[in-house]
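The lines below spell out each chain.
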Amino acid sequence: MVSPAPLVELRNAVVLIGGFPLLSGVDLELHAGTLSVVTGANGAGKTSLLRLLGGLVQLSSGAGVVGGVDLVKGDLRELRRRVGWLGHEGSFYDDLSVTENLTFAAKALGRPTEEIEAVLGLVGLENRATTRAEQLSAGQRRRLGLAWVLLRRPELWLLDEPYASLDDEGRNFFDQLIGDVVKSGATVVVSAHDRLRSTALAPRTITMAGGLVVGDER
Amino acid sequence: MIRTALLVAGKDLRIERRSHVLLWQVLPFGVMAMLLTGLALGPARAGHSASAPGLFYLVMLLVTLLMINRSQVIEDSPGTRASVATLGLDPAGVFLGKALALAVELWLTGVVLLAGAVLVLHTAFVGTLSALPSVAVTLGALAAAGTLYGALSGGEGAATLLPILSLPAFAPLLIAGERSYSAALHGGSLWRWWVISLVALVAYLAIGVLLYGVLEES
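Chains as they are written, first to last, in our numbering: chain A, 1 to 218; chain B, 1 to 218.
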């Protein structure tokens with residue numbers, strides 16, 4: 001039986017910004033419907049790897065294909081449309097309310113705005129619908145970012161430090177949601193300083209240091 | 001493209017309305033700058049309508065630089081930039097939307113300053129009314145060129161680079177605007193200068209539609 005082609009395939013991937021190497025030659029394969037956790041110290045290259053997979057930075061040398069899009073010759077805009085990105089910074093407009101942010105995203109994506117109410121219920125922000133994003137707590141901001149991704153229903157989820165600044169309830173919520181997303185067939189890549197707390201998710205753990213993959217446990 | 005433009009313009013204008021930057025910072029700055037530059041001309045020319053067109057466009061230039069910077073800062077958070085990139089918005093539509101929002105803000109400021117010129121600099125009310133079409137077109141062209149140059153000079157560096165980069169684009173607009181406003185007040189060839197602004201508006205819009213995506217990617 002022939003195994004399906006990987007969703008992500010990187011060969012000696014190098015990303016340089018201003019001549020400084022953020023990724024120094026990464027080889028990686030990820031298959032659809034899997035959960036991977038990228039761990040490592042600050043500056044190890046976790047965020048850069050996720051940004052490369054999302055088409056948010058360009059490959060400087062090496063080769064890579066994500067979801068059939070060639071990272072060197074392909075249309076990175078097309079790739080970006082297919083990924084969901086949750087950054088550890090704010091991922092939305094601070095002067096707009098929760099609903100206004102999601103309405104903007106829904107209209108940009110051509111999704112019916114009626115979906116917003118359901119998504120707000122999923123992330124537990126139904127009571128904060130009219131609150132300006134800048135007035136949300138760190139955990140609520142993370143949930144708003146997640147709602148933005150949920151509206152998209154992407155095939156590849158890229159979650160950059162989703163557990164940062166979250167309390168136990170928030171971490172459990174993210175664990176459960178990530179599990180549900182993987183079960184639905186989507187691919188999830190999470191960057192985190194530590195391994196995921198929930199062993200039930202049984203993720204693949206990729207360890208990075210100095211812009212290289214230095215460990216890979218399945 | 002038009003749908004995206006209206007979506008982006010609506011979002012930018014809503015953010016400006018919420019942040020009160022136009023109302024509490026830009027408009028008072030414009031009024032004060034107009035009064036102070038009028039006084040700087042000396043007692044013989046202060047309060048003289050012949051100075052009004054030059055002072056008006058000098059102040060509008062400063063306001064334009066302020067507002068372009070503001071328009072870029074809205075999108076400047078790395079997280080917001082990444083999230084919005086994954087929405088797959090048409091770059092031409094984004095350019096048109098941001099230029100439209102900036103034009104609306106400049107038009108509002110322009111109306112206040114024109115009224116101020118009637119009250120303080122004693123410009124003829126009827127002449128000011130006949131200058132409105134040329135002022136609207138010139139400010140629209142400033143907004144289109146400014147949006148283009150704002151993207152070119154980049155978010156945080158915009159305050160430094162923008163005045164230098166935009167000089168060749170703004171200089172002919174300011175000359176044409178000042179000449180047509182003077183012609184409306186004191187007689188002369190209004191339409192010849194007005195057409196120069198109109199051609200510049202169309203040219204900057206066309207360049208922006210074609211190149212904004214390239215600027216965003218770079």
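None of these hints come from the bench; they were simulated from the model. Every residue gets a Cβ at the ideal spot worked out from N, C-alpha and C, and that includes glycine. Among the hints, a few may not be true.
[Stated by the list, open to error] Simulated restraints on C-beta separations:
#1 A:Glu155 / B:Leu165: 36 to 42 Å
#2 A:Asp167 / B:Leu211: 44 to 50 Å
#3 A:Glu117 / B:Val112: 37 to 43 Å
#4 B:Glu216 / A:Ser60: 15 to 21 Å
#5 A:Glu155 / B:Asp76: 25 to 31 Å
#6 A:Asn12 / B:Val199: 48 to 54 Å
#7 B:Leu36 / A:Arg153: 19 to 25 Å
[Said to hold, decoys possible] Footprint (simulated), chain A over chain B, 3 or more residues, beta carbon under 8 Å:
#8 15 to 26
#9 87 to 100
#10 105 to 113
Are three or more residues of the region 87 to 100 of chain B within 8 Å, CB to CB, of chain A?
With 3 residues in contact (Cβ-Cβ under 8 Å with chain A), the coverage given for the region 87 to 100 of chain B holds.
Is the distance from the Cβ of Leu36 (chain B) to the Cβ of Arg153 (chain A) consistent with 19 to 25 Å?
55 Å, violated
With a Cβ-Cβ cutoff of 8 Å, does the region 15 to 26 of chain B contain at least three residues near chain A?
holds (count 3)
Please check whether Glu155 (chain A) and Leu165 (chain B) have a Cβ separation lying inside 36 to 42 Å.
Cβ of Glu155 (chain A) to Cβ of Leu165 (chain B): about 40 Å, so the range 36 to 42 Å holds.
Using the C-beta atoms of Asn12 (chain A) and Val199 (chain B), is the stated range 48 to 54 Å upheld?
Holds - the Cβ-Cβ distance for Asn12 (chain A) and Val199 (chain B), about 51 Å, lies within 48 to 54 Å.
Taking the beta carbons of Glu216 (chain B) and Ser60 (chain A), is their distance inside 15 to 21 Å?
19 Å, holds
Just tell me: holds or violated, for the beta carbon distance of Glu155 (chain A) and Asp76 (chain B) against 25 to 31 Å?
Hint holds: Cβ distance 29 Å, inside 25 to 31 Å.
Does the Cβ-Cβ separation between Glu117 (chain A) and Val112 (chain B) fall within 37 to 43 Å?
40 Å, holds
Count the residues of the region 105 to 113 of chain B whose Cβ falls closer than 8 Å to any Cβ of chain A, and tell me whether that reaches three.
The restraint on the region 105 to 113 of chain B is violated, since only 0 of its residues have a Cβ under 8 Å from chain A and three are required.
Taking the CB of Asp167 (chain A) and the CB of Leu211 (chain B), does the distance hold inside 44 to 50 Å?
Check passed, 46 Å falls within 44 to 50 Å.
Checked against the numbered hints given earlier, this structure breaks hints 7, 10; the rest are met.
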